[in-house]
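Engineer: Sequence:
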Amino acid sequence: MDLNTLWFVLIGVLYTGFFLLEGFDYGVGMLLPFLGRTDLQRRAIINTIGPFWDGNEVWLITAGGATFAAFPHWYATLFSGFYLPLFVVLLALIVRGVAFEFRSKRRDPRWRAVWDWCLFAGSLLPALVFGVAFANMVRGVPIDDRMTYVGGVLTLLNPYALLGGLALLAVFTLYGAIFLSLRTTGELQDRARATARRLWAPTVFIALAFTVATYGATDILARLGVSPGPVPVGAAAALLFTGALVSRRRDGWAFVTTALAILLTSTTFFMILYPRVMVSSLNPAWSLTIYSAASSAYTLKVMTIVALIFTPIVLLYQGWTYWVFRRRVEAKAETLTY
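Taking numbering that gives the first Met the number 0, the leading residue of the sequence shown gets 0, the next gets one more, and so forth.
A couple of the hints might just be wrong.
[Stated by the list, open to error] Label pairs and their computed distance ranges (CB to CB):
1) 32 to 64: 30 to 38 Å
2) 72 to 157: 18 to 26 Å
3) 281 to 314: 36 to 44 Å
4) 255 to 87: 29 to 37 Å
5) 184 to 246: 15 to 23 Å
6) 246 to 284: 46 to 54 Å
7) 327 to 222: 37 to 45 Å
8) 158 to 193: 42 to 50 Å
9) 243 to 156: 34 to 42 Å
10) 243 to 8: 29 to 37 Å
11) 153 to 106: 20 to 28 Å
12) 184 to 112: 19 to 27 Å
13) 243 to 147: 46 to 54 Å
To be clear, the hints were calculated from the coordinates, so they are not data collected in a lab. Where a beta carbon is used, it is the ideal one built from N, C-alpha and C, also for glycine.
Full structure from sequences and hints, please.
Structural biologist: Listed below in structure tokens is the structure:
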């Protein structure tokens with residue numbers, strides 16, 4: 000495996016890690032105004048992701064940084080073409096971070112309700128935009144022979160990409176409901192389980208519609224064939240199996256199968272893309288590849304050495320954080336920390 004391929008795989012791992020960790024995080028944020036019926040319950044919901052949400056976002060920052068350093072032409076085309084959606088994501092993430100910090104500064108119910116809805120919007124918008132952006136990347140966007148995006152913002156809002164955004168939104172919401180089933184107790188846990196049961200069927204339907212649309216809108220047939228192999232099939236099986244586990248209250252296993260569905264779907268996305276990093280809808284020869292968009296061999300070599308040193312440290316630290324805060328959160332005033 001050459002360094003270009005290695006860094007394509009590593010960037011794929013970083014984005015997949017982001018979807019796996021931030022997916023339930025966004026889901027919890029989107030469910031906050033609906034599952035938390037009292038201030039205490041909403042505080043408990045926030046506390047389930049309180050120790051993790053900022054660490055989870057590191058994966059996105061690292062993925063963006065790695066893309067810039069390893070494939071600068073990919074970064075330049077992506078951020079110049081998708082600048083408005085990515086600005087919306089940045090704004091939403093800022094509002095979300097502020098909501099976590101400001102919500103408990105005053106006891107006024109209206110103040111807290113405003114920040115709860117900010118947290119909802121700050122979770123919904125990134126999930127939706129990332130689904131739209133990744134669907135567009137695999138479908139193809141207008142890129143000319145100078146690696147320049149020549150479309151507009153409305154070009155990105157095509158039906159296939161919007162369906163991709165909706166699919167990611169649905170999966171993350173289901174993921175968040177299952178995570179809350181794992182992390183809460185009592186009435187809140189029962190409500191989270193019931194929500195997960197209600198969300199599963201619509202999620203499967205939207206995911207199925209997106210899968211069918213992918214065969215029509217992308218070149219997956221040429222890349223993976225009619226029978227796409229064990230990875231995409233495994234993703235579908237994991238999502239289907241989640242329904243049975245949710246109905247039997249196997250929260251831990253349901254969380255694992257949903258995570259597996261996300262992991263395998265993200266892997267499928269990068270399998271369709273490889274060796275391209277962005278597909279040109281104007282001319283296949285103008286697509287950006289891991290070779291045409293890459294940095295020098297020296298830069299990739301230095302990056303590989305740095306990644307080998309620091310990646311284990313980051314993984315150990317994040318694993319330790321999850322271990323320390325592994326206990327369930329109870330919606331009781333005497334145990335909650337604001």
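Engineer: Going back to the hint list, which numbers does this structure go against?
Structural biologist: 8, 11
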